[in-house]
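J.: Chains as they are written, first to last, in numbering that gives the first Met the number 0: chain A, 0 to 301; chain B, 0 to 271.
Just to be clear, a hint being listed does not mean it is correct.
Straight-line alpha carbon distances no greater than 20 Å define the calculated DMTMM-like cross-link-like pairs of lysine to aspartate or glutamate that follow [as the list claims (entries may be wrong)]:
| no. | chain 1 | residue 1 | chain 2 | residue 2 |
| --- | --- | --- | --- | --- |
| 1 | B | Lys52 | B | Glu64 |
| 2 | B | Lys261 | A | Asp127 |
| 3 | B | Lys116 | A | Asp137 |
| 4 | A | Lys230 | A | Asp11 |
| 5 | B | Lys52 | B | Glu30 |
| 6 | B | Lys52 | B | Asp16 |
| 7 | A | Lys138 | A | Glu114 |
| 8 | B | Lys261 | A | Asp120 |
| 9 | B | Lys52 | B | Glu37 |
Examples of chain B residues lying across from chain A (beta carbon under 7 Å, computed) [to be verified]:
| no. | residue |
| --- | --- |
| 10 | Val225 |
| 11 | Ala226 |
| 12 | Val228 |
| 13 | Leu229 |
| 14 | Tyr233 |
Calculated directly from the structure, the hints in this document are not laboratory data.
It should be emphasised that the depicted structure is a prediction, and the values quoted were computed from it without experimental measurement.
Cβ coordinates follow ideal geometry from the N, Cα and C atoms, glycine included.
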Amino acid sequence: MSQLTVNGIRVDDTFAEAFGMRATALSITAHDATWARQAAVTMTGFATSVIGCGCEAGIDRVLHPDETPDGRPGVRVLLFAVSTSELQKQLQNRVGQCVLTSPGSACYAGLEAEEKLKLGDALRYFGDGWQVSKRFGDKRYWRVPVMDGEFVCDAMTGLSKTAVGGGNIIVMGATAETTIAATELAVAAIESVPNVIMPFPGGIARSGSKVGSKYKGVAASTNDAYCPTLKGLGNSALDTDIASVLEIVIDGLTSDAVAAGMRAGMGAILALGPERGALRIGAGNFGGKLGAHHYHLKDLLP
Amino acid sequence: MSALVFSLRDAPPQRLDLAPLTPDRLVGLSESKIAGIELQTTRERLCAGDVFKIRIGDATQIRFEGGSERFDRIGAGMSQGEISIDGDVGIQGGRLMRGGRLAIAGNAGPWAASGMKGGTLAISGHAGERLGGPLSGETVGMRGGVVIVRGDAGARAGDRMRRGMIIVEGNAGIYAGSRMIAGTLIVRGRTGRLPGYLMRRGTIVTLDGSDALSPTFADSGVHEFVANVLMASYVQTYSPEIAVMLRRPWRRLLGDMAVIGKGEIFYPAVAN
Numbered sequence: 000m001s002q003l004t005v006n007g008i009r010v011d012d013t014f015a016e017a018f019g020m021r022a023t024a025l026s027i028t029a030h031d032a033t034w035a036r037q038a039a040v041t042m043t044g045f046a047t048s049v050i051g052c053g054c055e056a057g058i059d060r061v062l063h064p065d066e067t068p069d070g071r072p073g074v075r076v077l078l079f080a081v082s083t084s085e086l087q088k089q090l091q092n093r094v095g096q097c098v099l100t101s102p103g104s105a106c107y108a109g110l111e112a113e114e115k116l117k118l119g120d121a122l123r124y125f126g127d128g129w130q131v132s133k134r135f136g137d138k139r140y141w142r143v144p145v146m147d148g149e150f151v152c153d154a155m156t157g158l159s160k161t162a163v164g165g166g167n168i169i170v171m172g173a174t175a176e177t178t179i180a181a182t183e184l185a186v187a188a189i190e191s192v193p194n195v196i197m198p199f200p201g202g203i204a205r206s207g208s209k210v211g212s213k214y215k216g217v218a219a220s221t222n223d224a225y226c227p228t229l230k231g232l233g234n235s236a237l238d239t240d241i242a243s244v245l246e247i248v249i250d251g252l253t254s255d256a257v258a259a260g261m262r263a264g265m266g267a268i269l270a271l272g273p274e275r276g277a278l279r280i281g282a283g284n285f286g287g288k289l290g291a292h293h294y295h296l297k298d299l300l301p
Numbered sequence: 000m001s002a003l004v005f006s007l008r009d010a011p012p013q014r015l016d017l018a019p020l021t022p023d024r025l026v027g028l029s030e031s032k033i034a035g036i037e038l039q040t041t042r043e044r045l046c047a048g049d050v051f052k053i054r055i056g057d058a059t060q061i062r063f064e065g066g067s068e069r070f071d072r073i074g075a076g077m078s079q080g081e082i083s084i085d086g087d088v089g090i091q092g093g094r095l096m097r098g099g100r101l102a103i104a105g106n107a108g109p110w111a112a113s114g115m116k117g118g119t120l121a122i123s124g125h126a127g128e129r130l131g132g133p134l135s136g137e138t139v140g141m142r143g144g145v146v147i148v149r150g151d152a153g154a155r156a157g158d159r160m161r162r163g164m165i166i167v168e169g170n171a172g173i174y175a176g177s178r179m180i181a182g183t184l185i186v187r188g189r190t191g192r193l194p195g196y197l198m199r200r201g202t203i204v205t206l207d208g209s210d211a212l213s214p215t216f217a218d219s220g221v222h223e224f225v226a227n228v229l230m231a232s233y234v235q236t237y238s239p240e241i242a243v244m245l246r247r248p249w250r251r252l253l254g255d256m257a258v259i260g261k262g263e264i265f266y267p268a269v270a271n
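This is chain A alone, in the form it adopts within the complex (with noise of 0.2 Å):
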């Protein structure tokens, strides 16, 4: 493969294969920050991939008191889905199990758009004829009476159908430790990226997978191509120096969210240097005939 040379590290002429998603973004708030991102992190939990866990969820920023509906602390959360309806089922079980459940929070609209989904409106039977309406101007709400006052909950989300998810960054390094400390370093700049999520442990994972299996239906398996364990077959794409590989996968709102959580995060990786960071990096595709859109790595340095 045909690599550039950046400040010491190559960079794989090659491009990230990413998908047209359903997404949504809620603003989460409680009485104080913990309890806001409680709340946000369990509502989050178990979405790392639409492949097991039915959606990719992840948290895009803390808000301050100022930018909240109620004036409280809070955190926006992303949620992406491969459909519409999927999308609206994981948005009610997950806000219905893990933001009305915990104490003090209420839970907002976090995006406008013309399509909605159903957020208190898909919640407020738990109220069980107990629970208000209220409509401020064109803003509609429901308090759902609960154990410690009442859970506050905008109608309607919105809902975009112009989300991108699979944004992608292999980072490659000589030993775990200068690899996994890049990878924390592209993470920290992808964070400070709006509208985008990275929704693996930490931002990271560690078992990039490909499409397909040796085994009858097995949706997705090891990338095998990428595990230095098996750097002596036939199709490994790693050199000999590379001993560590990790991925981060980026959803966003926008597919211009997506190139600029990819330039962040492969800027930050670059400025690292090869000493103490990684010495290449990729990003994963499917032969560029799966995901309409396309992530050139060139085209994305700092």
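Fit chain B to the supplied structure of chain A, relying on the hints for placement.
T.: Chain B in isolation, oriented as in the chain A frame:
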């Protein structure tokens, strides 16, 4: 372009139906056409040109110089633009209003905002009884929009209200929010006896208490309500002082248990 101005010549000799003088109906009309619009409510014909000196201008911005408690149905059914009156108006000001803004510098008679569906009605003086309420035979009162009264409101403000918000910066008369179906009625001062009489759903906020509460309301204690912060944010534009007060803890009274009891009155934390 300056506003279209109706300047009152003399005190009207009869009650006037000013419903035809809205932006919806006047846009595109010549001065002579406007002057010929009939406003009488008796058999004696009375046209706009007989009652007002007309200065032609932008018909989406209508100004009445001079007011009268005989100015009935002003702004009725309007859906756009703005009408301002620098005096009093009679009955049913802003009735069935759907949009735009109606600003009354003086007092408004009974049934202001009756059946209102949208827009904003601002009354700088006092409002008569049954603010937002239905007329005889109608089942639903105000259905949307915002009414702000800087003075007092008469009896049964918000009667059979279905949606929208009424803000009264002064006091309200007896039976405020009677038979409410939904919506929000906020009274900065006190309400007369029995606020929320037979209300089914909806919210009444009586910031300075009431002369007498119905025993058919159940005291649910004093709480901080996140929803009231949302209400305060919305009210801020119309009445900043009330917005500050709404952010406090309030006593929640559930009722009216004489009907389905799904309504609420937010009452001062220390009852008075």
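J.: Hints broken by the structure, by number, lowest first?
T.: Nothing - there is no hint that the structure violates, so all of them hold.
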